[in-house]
Amino acid sequence: MNRLGIKTPARYAINATLIIAFIYWGYVITQGGMLTRAQNNIIIQVGFFIILAVSLNLPAGYLGQLPLGHAGFMAVGAYIGALFWRSGILSGYGSVVGGLIAAGIVSAIFGIIIGVPALRLRGDYLAIITLGFGEMIRVLIMNLPSITGGAQGLQQIPRHSNFLVVYICVIVCCLVIHMIMKSRHGRAILAIRDNEIATESMGINTTYYKVMAFAVSAFFAGVAGALYAGTLGILVPSDFNFMMSINILMIVVLGGLGSMMGSIIGAIVLTSLPLFMQGLNQYRLIIYALLLILVMIFKPSGLMGTYDFSMGHVLEKVGGWTMRSKKEGGASDDSE
Amino acid sequence: MLYVAQFINALQLGSIYALIALGYSMVYGIIKLLNFAHGDVIMVGGYVAIFALAAGFHPVVAVILVILGCTALAIIMEKLAYTPLRTAPRISVLITAIGISLLLQNLAQLFFGARPQPIHIPFPTGSISIGAVSIAYPMIITIGVAVLSMVALNYIVQGTKLGKAMRAVSEDTQAAQLMGINVNSIITFTFAVGAALAGIGAILFFVRFPVVTPTVGAMLGLKAFIAAVLGGIGSIPGAMLGGFAIGFLEVIVNAVGLSRWTDGAVFLVLIIILLVRPAGLVGKPMIEKV
Amino acid sequence: MKKRSIIALVLALMMCVALVAACGETPPAGPTGPTDPTAGGTTNGTDASGEEVTEVHIGLLGPWTGGAAYFGVSVRNGALLYIENFNAQGGLQIRVTDRDEEGDSARAVTMYHDLVDAGVTAIIGSVTSGPTMAVVPEAFADGMPMISGTATHAGVTVNQDTGEVFTNMFRSCFIDPFQGVKMAEFAHEILSARTAAVLYAHDIDYSIGLMQAFVDRAAEIGLEVIHIETFADEAPDFTAQLTNIAAANPDVVFIPVYNRHTALIGPQSAAAGVTATMLGADGWAGTLDAIADPSTVEGAFYLTGFTYESEEQHIIDFIERFEAQYGIMPNMFAAQAYDAAAILIRAIEGAIAAGLTPGTDEFKQATIANMAATDIEGVTGRITFDRYNNPQKTAFILQIIDGEARFWGTF
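Residue numbers (the numbering used here), protein chains in the order written: chain C, 143 to 478; chain G, 8 to 297; chain V, 5 to 415.
Calculated from the structure, these hints are not laboratory results.
Where hints are given, some of them may not hold.
A short, non-exhaustive set of chain V residues, derived as facing chain C with CB atoms under 10 Å [unchecked claim]:
(1) Thr-69
(2) Arg-103
(3) Glu-106
(4) Met-115
(5) Gly-134
(6) His-206
(7) Ser-211
(8) Ile-212
(9) Gly-213
Ideal Cβ positions, reconstructed from N, Cα and C, are used throughout, including at glycine.
Could you put the whole structure together from the sequences, leaning on the hints where they help?
What follows is the structure, encoded as structure tokens:
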């Protein structure tokens with residue numbers, strides 16, 4: 143199993159150190175007044191868009207099915223999180239964590255409820271039925287004003303989303319999805335993308351894996367929704383319309399369907415672009431739409447393809463520790 | 008009396024949905040492409056009508072210009088965006104279609120602004136009375152045009168050589184090519200016919216609802232698509248049936264005072280039909296080939 | 005494989021717990037962002053001793069693109085017209101930085117922070133209620149003077165859960181409940197209506213706010229609401245609802261929606277046989293630009309903050325200058341934004357006269373205090389503020405006669 147030059151515990155130690163260093167560095171930078179307020183705000187937004195994109199990438203990129211209702215799961219999480227925090231059941235960090243987990247779990251339940259029937263379909267039909275479910279969720283939120291505030295919106299949501307909360311969620315999300323994809327379950331999911339019928343005939347329970355991927359995706363979309371609520375302090379149902387689903391899809395597609403690194407870079411670029419494109423703003427959506435079409439025509443795999451960043455590989459290349467890894471290179475992190 | 012008025016209203020709304028659903032259905036039936044931008048073609052048709060009428064063209068000429076404009080737009084779309092993706096995965100094609108829809112909406116907003124603009128298409132006014140019920144001419148014309156279009160389309164597909172070629176391409180593209188059918192021109196023709204129907208639909212829609220905004224096509228396209236799926240996508244009578252069904256559903260839900268659930272009801276129907284009978288009311292079930 | 009995943013997960017969780025714990029100990033490191041007290045946009049130097057300040061930097065926030073761009077662009081035109089005219093007088097100069105929030109709440113907050121980074125002393129914005137309400141708590145915490153010309157939701161200036169007033173936030177438009185109350189009273193007192201119906205959009209906060217206020221007030225004054233119908237924003241077909249309203253045969257029908265809806269409702273209500281007098285609110289502004297057949301809304305009354313038909317010279321001047329600048333007539337949104345700019349800049353002048361330095365907290369507080377004490381004759385009427393920072397001003401009633409919106413009177 144030790145196909146890489148660096149021993150596994152060492153790799154974990156390196157990765158853990160890097161992650162802690164990143165969080166600490168980010169915390170110092172965002173709290174230390176080194177950035178402008180708009181930059182701080184964008185960093186938070188980038189955070190929940192990373193979660194949204196990475197979680198959409200699981201069904202869209204790895205599983206090869208295209209859900210168009212991601213905003214619906216985000217909405218469920220946002221309202222659950224907001225109601226949880228407003229109710230003030232817990233206090234302090236317990237409340238923050240409790241709200242996020244509640245948002246994720248309820249959203250995942252929705253994912254299962256929707257996924258079980260919807261995933262019997264595939265391709266275009268799956269895309270359309272998830273779009274239908276996403277819109278249904280919005281109609282429900284709109285028509286339950288006594289709970290959700292309806293179209294008038296939900297105000298005074300405690301603003302819990304600071305850098306630490308958001309980026310710990312980002313790391314947990316990336317880590318969990320990364321680990322799923324590196325496990326037996328991940329290979330089953332990739333197999334379903336490549337050939338569902340062959341996968342099924344190999345004895346793999348495709349329905350189970352599809353629903354699981356869907357539920358995990360919904361879980362993190364819900365967490366991201368709660369972070370969104372905790373950033374803005376106000377929710378209106380129209381925030382979660384079809385355009386939101388399209389925005390998330392745009393990040394995933396431009397980054398590269400099936401590349402976590404691509405989703406992350408896509409989220410960073412597309413979320414922070416409006417801040418730097420003030421003069422060109424009226425052309426921005428036209429440029430996005432053109433990019434979407436051109437990428438699909440000329441590089442359907444997205445800008446990053448299926449390339450995924452791997453610290454281990456970088457270290458190997460830098461340190462020249464590639465003694466026995468050549469033979470199994472294809473099966474390692476870099477699945478291109 | 009009240010019921011008759013609502014019935015005719017539903018019939019007119021259903022006719023418009025049906026015409027637009029026909030376009031979706033044809034394109035999907037032949038190349039399995041879900042043309043998300045179909046609704047936006049109607050929006051473009053609306054702006055063409057505004058400019059044609061403002062430029063002083065005779066209304067009949069304006070109507071022809073709208074139909075030609077929609078057709079030309081669809082052919083450009085097909086040649087530039089869809090042809091290069093003929094062999095690409097379905098997911099790529101769907102994303103491209105979404106991209107085109109976004110592009111058209113935002114271009115319209117850039118050129119024409121977000122302000123709602125009136126369209127005044129001169130149309131025969133007046134009404135005929137049957138007993139206590141009076142039916143306006145536009146209603147009769149709308150329903151008549153929709154039924155005629157369906158009959159004509161059905162004839163093209165079932166009764167002509169061109170239609171035979173279309174069905175062959177739909178059945179097996181490669182085999183059709185081997186039999187000497189020019190697949191590319193058949194697909195382009197299909198797009199053109201679908202868009203011409205959208206152009207007719209645009210005229211009828213804007214006679215009934217005379218306001219254009221850059222996003223007017225989005226919801227309309229979605230509803231028409233749901234109608235096509237409900238009827239059985241790929242089937243011409245199915246699209247017609249689905250269109251009328253959605254029209255009636257909306258009017259009934261609105262009329263009984265549940266209008267806040269209208270969209271919900273339409274999406275619910277979509278979900279149920281996809282789960283219970285994905286092939287639609289009259290479509291043939293598709294068998295997965297290994 | 006499995007064991008390794010568990011180890012990794014445990015490591016990650018431990019890391020998170022450690023971090024949270026670590027941060028629990030250290031209190032957040034003070035206010036974020038640059039805290040340079042002179043970042044308020046004085047370029048030519050000044051001090052508190054009252055030397056002449058030549059430039060003040062303000063922000064303009066709104067949706068110049070996206071679905072609400074129609075309102076946003078009107079507002080920008082109106083506000084910039086006032087500022088350009090003001091600057092042309094010489095003396096104090098107002099520098100404007102504008103930011104596009106696209107009608108998106110999250111983006112509005114980002115752009116608000118960007119304006120703060122740019123060093124603005126006060127902000128005109130935002131345009132629609134949703135994004136404005138997302139920004140206001142942040143601006144309140146900063147003590148940033150803000151005024152909107154168009155955000156009508158009651159929650160823009162008041163925290164609706166606690167009743168706390170956002171003292172920094174003002175507006176030059178009517179609030180939703182005010183309009184609903186006014187139109188109920190108008191129907192009852194002026195039109196002597198006994199029965200009313202309502203047709204509103206259930207997914208637009210503006211429409212719901214007006215509907216509720218109308219229904220509540222109608223119950224108080226004895227106007228019987230016999231039928232309420234609703235529709236969704238994107239739906240084009242209201243015939244079924246209008247047919248029901250026609251069957252109920254009320255004296256008036258209140259339709260608190262925007263012009264993109266009224267342009268569709270007019271022809272359909274005529275076809276459905278609705279004979280009741282139509283009543284609307286300021287969302288009706290621009291109906292006649294969007295409707296194909298104006299005869300279908302003939303006789304309708306609507307409330308507005310602005311009318312072209314005025315004898316007053318400063319209003320005539322405003323309309324002429326606006327037309328000369330932009331080639332179109334100003335709509336109500338532009339006029340209210342013009343007044344919003346006037347209120348803000350007058351308050352800024354007051355703070356300058358008091359010898360304060362732009363950008364300082366004292367300057368902002370003085371600007372806020374001056375705005376609260378506003379009493380000006382704007383192009384939308386004389387404006388003072390109540391204790392909730394909502395304007396006390398006259399409502400104009402327009403009536404559509406012969407395809408034109410005629411000034412009926414004040415109410």
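Quick rundown of the hints versus the structure:
no.: 1; hint: Thr-69; result: holds (5 Å)
no.: 2; hint: Arg-103; result: holds (7 Å)
no.: 3; hint: Glu-106; result: holds (8 Å)
no.: 4; hint: Met-115; result: holds (7 Å)
no.: 5; hint: Gly-134; result: holds (5 Å)
no.: 6; hint: His-206; result: holds (7 Å)
no.: 7; hint: Ser-211; result: holds (8 Å)
no.: 8; hint: Ile-212; result: holds (6 Å)
no.: 9; hint: Gly-213; result: holds (7 Å)
Checked against the numbered hints listed earlier, the structure breaks none of them; every hint is satisfied.
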